[in-house]
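Trainee: Residue strings, one per chain:
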Amino acid sequence: MAVLLTRPRHDTATHYLYHWAGELIRVATERKVDLVDLAKGKAKKKAIQSYLAKNVCDVVLINGHGDAVSVCGHDDEVIIAVDDGDDLFKDKIVFIRSCESGAVLGQAIMRKGAKGFVGYVQPYIIPFQEDSFHDPLKDEFAQPILESSNQVGISLLKGRTSLEAHADSLKKYDEKMDELLTSGKSMTFLIPFLQWNRDFQIAR
Amino acid sequence: MEPEKNSKDVVNLVIARLESMPSNVSVSIGGQTDSYTIKELIERVRKQDDIGQKMTEMQLNYIRSLGRAPANA
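In order, the protein sequences belong to chains V and E.
All residue numbers for the first sequence refer to this note's numbering, where the first residue is 1 and numbers rise by one.
All residue numbers for the second sequence refer to this note's numbering, where the first residue is 205 and numbers rise by one.
Because the hints were derived from the structure by calculation, they are not lab data.
Watch out, some of these pointers could steer you wrong.
[Claimed, not checked] Here are the simulated distance ranges between beta carbons:
#, chain 1, residue 1, chain 2, residue 2, range
1, V, 140, E, 265, 19 to 29 Å
2, V, 167, E, 211, 35 to 45 Å
3, V, 138, E, 261, 27 to 37 Å
4, V, 133, E, 261, 22 to 32 Å
5, E, 265, V, 171, 39 to 49 Å
6, V, 184, E, 265, 22 to 32 Å
7, V, 75, E, 268, 22 to 32 Å
8, E, 253, V, 30, 42 to 52 Å
9, V, 137, E, 265, 38 to 48 Å
10, V, 183, E, 269, 16 to 26 Å
11, V, 137, E, 227, 20 to 30 Å
[Unchecked claim] The calculated DSBU-like cross-link candidates involving lysine-lysine, where the alpha carbons are at most 35 Å apart (straight line), are:
#, chain 1, residue 1, chain 2, residue 2
12, V, 45, V, 115
13, E, 209, V, 138
14, E, 243, V, 176
[Stated by the list, open to error] Which chain E residues face chain V? A few, computed with CB under 7 Å, are given here:
#, residue
15, 232
16, 235
17, 262
Glycine residues also receive a C-beta, built at the ideal position from the N, C-alpha and C atoms.
Using the sequences plus the hints, can you model the full thing?
Mentor: Here it is as structure tokens:
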């Protein structure tokens, strides 16, 4: 298996996605999966579309800002949009962790021959602990949300299909919500965030 | 299509829920580059701009989910 990962970093949200997507690299390394990491300034349209056009990967994991019709890389440059690179995913499984990626863009990607897609049909919402910016992996507010969506990538790295990876992720969301209800840590205010991202994550 | 307008009671309910959160929470929402403090979110909910409406929708989605039976029940 070969994987292409994009993880820009230029603001708070992408800083967190950058670090949490780094966990996927750890899993890929453990499993000896061949992974191309387009990080920070390398997450640009030219590089990403060039890699995709070379057909060198089976799974694509994209992190960044976006909307219903496009997803961005570093400094919010649009890297893939409807009718601009959406045909480069033929026979690939794609996870786009950005707002509303499943609303229109995901459907276009599937129509143009992708093997599977996981994304969101509403904004992807992340709560942060303001004093944890220096260490996002230890942020107790962001952790349940990002760990649940990371499960999509982890399952794909293990060779699961898009529908199976989605189901694994939903299970992780449920586990995290149960943990918050029973932990006694007064963090149940995070449950609406988990419920939202869970309810609006979709797979094809 | 115009989004459904939220009643004053709903807006007040969401503000009360946000006020109960720890003050060191900030939130990234939407394809926006900015993240928002709880104080900023409360103001957005009060104004019912696009961010405030989305935060309202998120809280209502949770409250409504409480009335749904779990899948494995």
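Trainee: State for each hint whether it applies.
Mentor: Here is what the structure says about each hint:
1. Checking the proposed 19 to 29 Å range against residue 140/V and residue 265/E shows it holds: the Cβ atoms sit about 23 Å from each other.
2. The hint said 35 to 45 Å for the Cβ distance between residue 167/V and residue 211/E, and at roughly 37 Å that hint holds.
3. For residue 138/V and residue 261/E, the Cβ-Cβ distance of about 30 Å falls inside the hinted range of 27 to 37 Å, so the restraint holds.
4. Separated by about 27 Å at the C-beta atoms, residue 133/V and residue 261/E satisfy the suggested range of 22 to 32 Å.
5. Distance hint check for residue 265/E and residue 171/V: the Cβ-Cβ separation is about 19 Å, which falls outside the suggested range of 39 to 49 Å.
6. Look at residue 184/V against residue 265/E: about 25 Å separates their beta carbons, and that is inside 22 to 32 Å.
7. At roughly 38 Å, the beta carbons of residue 75/V and residue 268/E sit outside the given window of 22 to 32 Å.
8. Taking 42 to 52 Å as the suggested C-beta distance range, the pair residue 253/E and residue 30/V conforms, at roughly 45 Å.
9. Range check, residue 137/V to residue 265/E: about 27 Å between beta-carbon atoms, so the 38 to 48 Å window is missed.
10. Checked against the hint of 16 to 26 Å, the pair residue 183/V and residue 269/E passes, with Cβ atoms roughly 20 Å apart.
11. Against the hinted window of 20 to 30 Å, the Cβ-Cβ separation of residue 137/V and residue 227/E comes to about 23 Å, which satisfies the hint.
12. A threshold of 35 Å between alpha carbons decides the hint, and for residue 45/V with residue 115/V the separation of about 22 Å falls inside it, so the pair holds.
13. The suggested pairing of residue 209/E with residue 138/V is violated, with an alpha-carbon distance near 38 Å, which exceeds 35 Å.
14. Annotation: proposed proximity of residue 243/E to residue 176/V holds, straight-line Cα distance about 26 Å (limit 35 Å).
15. Satisfaction of the interface hint for residue 232/E is found here, the shortest Cβ-Cβ separation to chain V being roughly 4 Å, below the 7 Å cut-off.
16. Below 7 Å, beta-carbon pairs count as interface contacts, and residue 235/E has one with chain V at about 5 Å; its hint therefore holds.
17. Hint status for residue 262/E: holds, given a least beta-carbon distance of 5 Å to chain V, under 7 Å.
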